[in-house]
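These are the residues of each chain, in order.
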Amino acid sequence: MSDYCGRCGRQTADHAGPELTGCARALSLEPPRYCAACRRRMIVQITPTGWTARCSEHGVLTNLHLQN
Amino acid sequence: MTDMLDTDILSAAREQVLERGIGLTEAQAVECLTLPDDRLDDLLALAHEVRMRWCGPEVEVEGIVSVKTGGCPEDCHFCSQSGLFQSPVRAAWLDIPSLVKAAKETAATGATEFCIVAAVRGPDERLMKQMREGCEAIRAEVDINIAASLGMLTQAQVDELADMGIHRYNHNLETSRSYFPNVVTTHTWEERWSTLSMVRDAGMEVCCGGIVGMGETIEQRAEFAAQLAELEPDEVPLNFLNPRPGTPFGDQPIMAPAEALKTVATFRLALPRTILRYAGGRELTLGDLAGKGVLGGINAVIVGNYLTTLGRPATEDLDMLAELSMPIKALSQTL
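Note that the protein sequences, when read in sequence, are chains A and B. Quick note: the first sequence uses the numbering used here, first residue 406, plus one each step. Quick note: the second sequence uses the numbering used here, first residue 275, plus one each step.
Hints are computed from structural coordinates only; laboratory data are not their basis. Hints should not be assumed to be uniformly reliable.
[Stated by the list, open to error] Simulated restraints on C-beta separations: (1) B/345 - A/434: 55 to 63 Å; (2) A/467 - B/400: 41 to 49 Å; (3) B/371 - A/446: 21 to 29 Å; (4) B/299 - A/463: 53 to 61 Å; (5) B/372 - A/433: 23 to 31 Å; (6) A/443 - B/323: 49 to 57 Å; (7) A/425 - B/294: 53 to 61 Å; (8) A/442 - B/562: 32 to 40 Å; (9) A/421 - B/489: 30 to 38 Å; (10) B/331 - A/425: 39 to 47 Å.
[Said to hold, decoys possible] Over the 10 Å line for every Cβ pair with chain B, so calculated as not near, a few chain A residues: (11) 407; (12) 429; (13) 441.
[To be verified] Derived list of chain B stretches under chain A, where covered just means 3 residues or more per stretch with a C-beta under 8 Å from a C-beta of chain A: (14) 360 to 369; (15) 376 to 386.
Even glycine gets a Cβ: it sits at the ideal position worked out from N, Cα and C.
Modelling step: build the complete structure from the supplied sequences, incorporating the hints.
Shown next, in the form of structure tokens:
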């Protein structure tokens, strides 16, 4: 279970119902911008076939897998 | 009944645009944009005929990548890369090996165009150096046309990009001249036009389009189509607003699919010979109806991801084109 929403950065415990559904749907067409573990804004690089999102504390998330 | 057909906009467009290749006027574009939904299929069918007659069946495929993301000093109200808004997008810089990798990914889809984009007012010396070295590195490994989109240019920068062999330069007017001040306040529509004029004079192909659904009126949308027709760009990328969190347009509604498709067809009828490209926001706006646009005037697509948002996988677009019997333009046809 993630602590924070990757799209809006809100705590998932306070983020329910239609808003959470909206963010989940949006994340099918955009990479996460916030680290799900610490809410830091991540540095995101998008290429034609993939993306990476780097948290300075928790490593690099990609469209394929999480790398530390 | 005969009188009605004689004055019907689609009958007039058939004779004027399809038979003679003369694009719609601004007033005619308003008529097409305000056609009732039950005429949409007729409008799309005519736009498709016009595209086939004046452009042919090939579809141009392109991939894009952001070499410099975020931190832009401009205030384009649709853009999550402006440093002036509370957007979650952080600044990032793509190194040359990553640029080459992105070009390879793009070429692997069958694309003939690879556009390198930067979120800047205009390029500084560091960015021009990155472009020089990036173009050389890509050319050493990938057979693809390189395009660029680096904001407003000086004449010296135009000349330098032409010397680098940049095939096509993108600089969108974004919207009509009358609506532009509602979208951008840090520079003018005329400054953008000036860059486009220099690009054309230097021999590069001109790529200029914009975004619809930003709150402009139907009349302003028609005005934009007419102004693009006056510019005579080689390519018009057509984006549909994807409202980004934290931007002034973040709460704008998503355009209705029928309205988006009428816009596609009308832009084709206003610009019968241009490359009309599906760009950002189409997944959100059209979903599974995207194919109707390809049969309604579109003859180019951006495949894969966009600059800050994701597209659908390139294979889905390529499968769609195959199902529609639309051949992908080969590199040899673009040189």
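Structure-based check of each hint:
no. : hint                      : result
1   : B/345 - A/434: 55 to 63 Å : violated (23 Å)
2   : A/467 - B/400: 41 to 49 Å : violated (27 Å)
3   : B/371 - A/446: 21 to 29 Å : holds (25 Å)
4   : B/299 - A/463: 53 to 61 Å : holds (57 Å)
5   : B/372 - A/433: 23 to 31 Å : holds (24 Å)
6   : A/443 - B/323: 49 to 57 Å : holds (56 Å)
7   : A/425 - B/294: 53 to 61 Å : holds (55 Å)
8   : A/442 - B/562: 32 to 40 Å : holds (35 Å)
9   : A/421 - B/489: 30 to 38 Å : holds (31 Å)
10  : B/331 - A/425: 39 to 47 Å : holds (45 Å)
11  : 407                       : holds (16 Å)
12  : 429                       : holds (14 Å)
13  : 441                       : holds (13 Å)
14  : 360 to 369                : holds (count 6)
15  : 376 to 386                : holds (count 4)
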